[in-house]
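As you go down the protein sequences, you meet chains A and B in turn.
The numbers in the first sequence follow the working numbering, run straight up by one, and end at 318.
The numbers in the second sequence follow the working numbering, run straight up by one, and end at 318.
If you're looking for bench data, these hints aren't it; they were derived computationally from the structure.
Mixed in with the good hints there might be a few duds.
Same chains, same names: a pair is fine if it fits in one copy or spans any two.
Okay, derived cross-link-like pairs now, DSS-like style, lysine-lysine, Cα gap no bigger than 30 Å in a straight line [what the hints assert, rightly or not]:
(1) K237 <-> K128
(2) K237 <-> K78
(3) K124 <-> K228
(4) K229 <-> K60
(5) K115 <-> K30
(6) K78 <-> K229
(7) K128 <-> K15
(8) K62 <-> K228
Number of protein chains: 2
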Amino acid sequence: MRNRITDIFGIKYPIISGGMVWCSGWKLAAAVSNAGGLGLIGAGSMYPDVLREHIRKCKSATDKPYGVNIPLISKYSEELMEVVINENVPVVFTSAGNPRIWTSRLHDAGIKVAHVVASTKFALKCQEAGVDAVVAEGFEAGGHNGREETTTMVLVPQVKRHLDVPLIAAGGIATGDAMLAAFALGAEGVQVGTRFALTEESSASEEFKRFCIGLGEGDTMLVLKKLVPTRLVKNDFYREVEAAENRGASAEEMAEILGSGRARKGIFEGDIAAGELEIGQVACMVDDIPTAKEVIDRMIDEYNSGLERISRPLL
Amino acid sequence: MRNRITDIFGIKYPIISGGMVWCSGWKLAAAVSNAGGLGLIGAGSMYPDVLREHIRKCKSATDKPYGVNIPLISKYSEELMEVVINENVPVVFTSAGNPRIWTSRLHDAGIKVAHVVASTKFALKCQEAGVDAVVAEGFEAGGHNGREETTTMVLVPQVKRHLDVPLIAAGGIATGDAMLAAFALGAEGVQVGTRFALTEESSASEEFKRFCIGLGEGDTMLVLKKLVPTRLVKNDFYREVEAAENRGASAEEMAEILGSGRARKGIFEGDIAAGELEIGQVACMVDDIPTAKEVIDRMIDEYNSGLERISRPLL
Numbered sequence: 004m005r006n007r008i009t010d011i012f013g014i015k016y017p018i019i020s021g022g023m024v025w026c027s028g029w030k031l032a033a034a035v036s037n038a039g040g041l042g043l044i045g046a047g048s049m050y051p052d053v054l055r056e057h058i059r060k061c062k063s064a065t066d067k068p069y070g071v072n073i074p075l076i077s078k079y080s081e082e083l084m085e086v087v088i089n090e091n092v093p094v095v096f097t098s099a100g101n102p103r104i105w106t107s108r109l110h111d112a113g114i115k116v117a118h119v120v121a122s123t124k125f126a127l128k129c130q131e132a133g134v135d136a137v138v139a140e141g142f143e144a145g146g147h148n149g150r151e152e153t154t155t156m157v158l159v160p161q162v163k164r165h166l167d168v169p170l171i172a173a174g175g176i177a178t179g180d181a182m183l184a185a186f187a188l189g190a191e192g193v194q195v196g197t198r199f200a201l202t203e204e205s206s207a208s209e210e211f212k213r214f215c216i217g218l219g220e221g222d223t224m225l226v227l228k229k230l231v232p233t234r235l236v237k238n239d240f241y242r243e244v245e246a247a248e249n250r251g252a253s254a255e256e257m258a259e260i261l262g263s264g265r266a267r268k269g270i271f272e273g274d275i276a277a278g279e280l281e282i283g284q285v286a287c288m289v290d291d292i293p294t295a296k297e298v299i300d301r302m303i304d305e306y307n308s309g310l311e312r313i314s315r316p317l318l
Numbered sequence: 004m005r006n007r008i009t010d011i012f013g014i015k016y017p018i019i020s021g022g023m024v025w026c027s028g029w030k031l032a033a034a035v036s037n038a039g040g041l042g043l044i045g046a047g048s049m050y051p052d053v054l055r056e057h058i059r060k061c062k063s064a065t066d067k068p069y070g071v072n073i074p075l076i077s078k079y080s081e082e083l084m085e086v087v088i089n090e091n092v093p094v095v096f097t098s099a100g101n102p103r104i105w106t107s108r109l110h111d112a113g114i115k116v117a118h119v120v121a122s123t124k125f126a127l128k129c130q131e132a133g134v135d136a137v138v139a140e141g142f143e144a145g146g147h148n149g150r151e152e153t154t155t156m157v158l159v160p161q162v163k164r165h166l167d168v169p170l171i172a173a174g175g176i177a178t179g180d181a182m183l184a185a186f187a188l189g190a191e192g193v194q195v196g197t198r199f200a201l202t203e204e205s206s207a208s209e210e211f212k213r214f215c216i217g218l219g220e221g222d223t224m225l226v227l228k229k230l231v232p233t234r235l236v237k238n239d240f241y242r243e244v245e246a247a248e249n250r251g252a253s254a255e256e257m258a259e260i261l262g263s264g265r266a267r268k269g270i271f272e273g274d275i276a277a278g279e280l281e282i283g284q285v286a287c288m289v290d291d292i293p294t295a296k297e298v299i300d301r302m303i304d305e306y307n308s309g310l311e312r313i314s315r316p317l318l
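Extracted from the complex, chain A is given alone in its bound form (with noise of 0.2 Å):
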């Protein structure tokens, strides 16, 4: 299949893994740009010289385009701006922030740009500040979230409703029922964090996986809703932060609950109980650990067996 988002970004799917912290890595990234995807290296959870390095080990593991993950919030957002023009990254995803900063400056480095957002109204920014293409993530996906918890089979049509350029979907999507469901929905390409999280690849804990593939519906829940909006497992820390909500903790009351590194020890060090467990609600559909490429050549097959069940018009 080709569409307008294998044509902007060279690939041959239209399956682009998250950049998702402490799992994203050059190892991720590389594998799911090799089996046809778009790899991307997440840059929120690391040091300009780390994100160099990956940048580096991800080029010398594939001639494939892969792209890097920056969240503007990131307190080195300029230097991994920098590294990854200096490095001639093809492709940039941006979150949690403004778009306009940064898109004219990558275009300028050749860079192809794409922009997460939780609303159609910063869809629309988006647009404006000239993006490839607009990422349209719902509230079931893990990790940081948008705060008026717009779903996925209600986002992605309604900013396919506005919007001109493409549109990738994010949130809920480990299937190629879902991805197939996504494309019913408008969308061109599909975003899949949780079940590229959940591979031999990702760099998350073994720990945090096999915890991850236990987990069954409503396991996670969207809170620190004070702060950013985050989706998380229901462990201990949760209950803590649970309890603290339900009694009214003020936002400062919250984040010193939540502290710092607490993803770091959840996902990269698998402190299962004490760490913050960033992960969507389809996990509850995730039952092993496989390699990137199955992955997607099980999307790929699920896709298009879904097509063939599903083609019959009602008369």
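Position chain B relative to chain A; hints supplied.
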């Protein structure tokens, strides 16, 4: 199109109108059934005598199958059940309770039964209870909602993995594109609330309808989580609820703020400021007040053109 849902209920299109309090009277139910869908009368806001009247008017307005939704938490659930059995209603959708109690008695009366759930666990309880179909309703839906906050995009395929009886998707479905997405996720039918609540035949007040078609993204939110999680429009009443929740108000305080008759006041009487305005996230995509038949005709057209649009397999 024929599938298990159209066969079980004897309908032309696998589109069911939700049994919404103060919206789903005989007029809406008959209009949906006459247009080829399955119209439900919403008994949740009705005394048994009122339900009987609605059923009789519905029967005189359509010779097509129709149904009644009975929330099992209604204090009149016993009497409402007697009414549907005595009136030979062909279909009953139950919700908010244990499906085991009523399914066999309804079956003995020759009535087809579906039950509404928000999790796989309860979907499987429905199947054990012998229901003919299960409705899986996601977090984006209006009004009463599940505690686990699982969205339609995740809930439907997850339920589908485990369920043998036919599955009806609900939550966020107002267009044929969303219906197609639901079918991609494994549903064989859709239950549509918000879109039918805002039609000519809906018994909601004109004030409520006109206000709701002006809503945008983020204008509803799931609150009242210490009582029954409910998706409401962010009006003055909502802000009172929100403030109380933010200061950690108890369930008792929340019940006092809610009071009684709030949904009637908002939806039926049109008190937009002080009423409890139950509507789904997808209200942001609803911009007009057509007839129920126009809704169904549009959905079928959109479904078929959406299918055509995505019907190229990934190569």
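Results for each hint:
1. K237 <-> K128: between (34 Å within a copy, 24 Å between copies)
2. K237 <-> K78: Result: close within a single copy only, 28 Å intra versus 34 Å inter.
3. K124 <-> K228: Both. Shortest intra-copy (20 Å) and inter-copy (28 Å) distances satisfy the 30 Å Cα cut-off.
4. K229 <-> K60: So K229 and K60 fail the 30 Å test inside a copy (38 Å) and across (50 Å) alike.
5. K115 <-> K30: Cα proximity of K115 and K30: one copy only (21 Å, versus 53 Å across).
6. K78 <-> K229: Answer is within: at 20 Å inside a copy they meet the 30 Å cutoff, but 38 Å across does not.
7. K128 <-> K15: Classified as within; 28 Å inside a copy, 43 Å across copies.
8. K62 <-> K228: Result: close neither inside a copy nor across copies, 38 Å intra and 49 Å inter.
Violated hints, listed in ascending order, are 4 and 8; each of the other numbered hints is respected by the structure.
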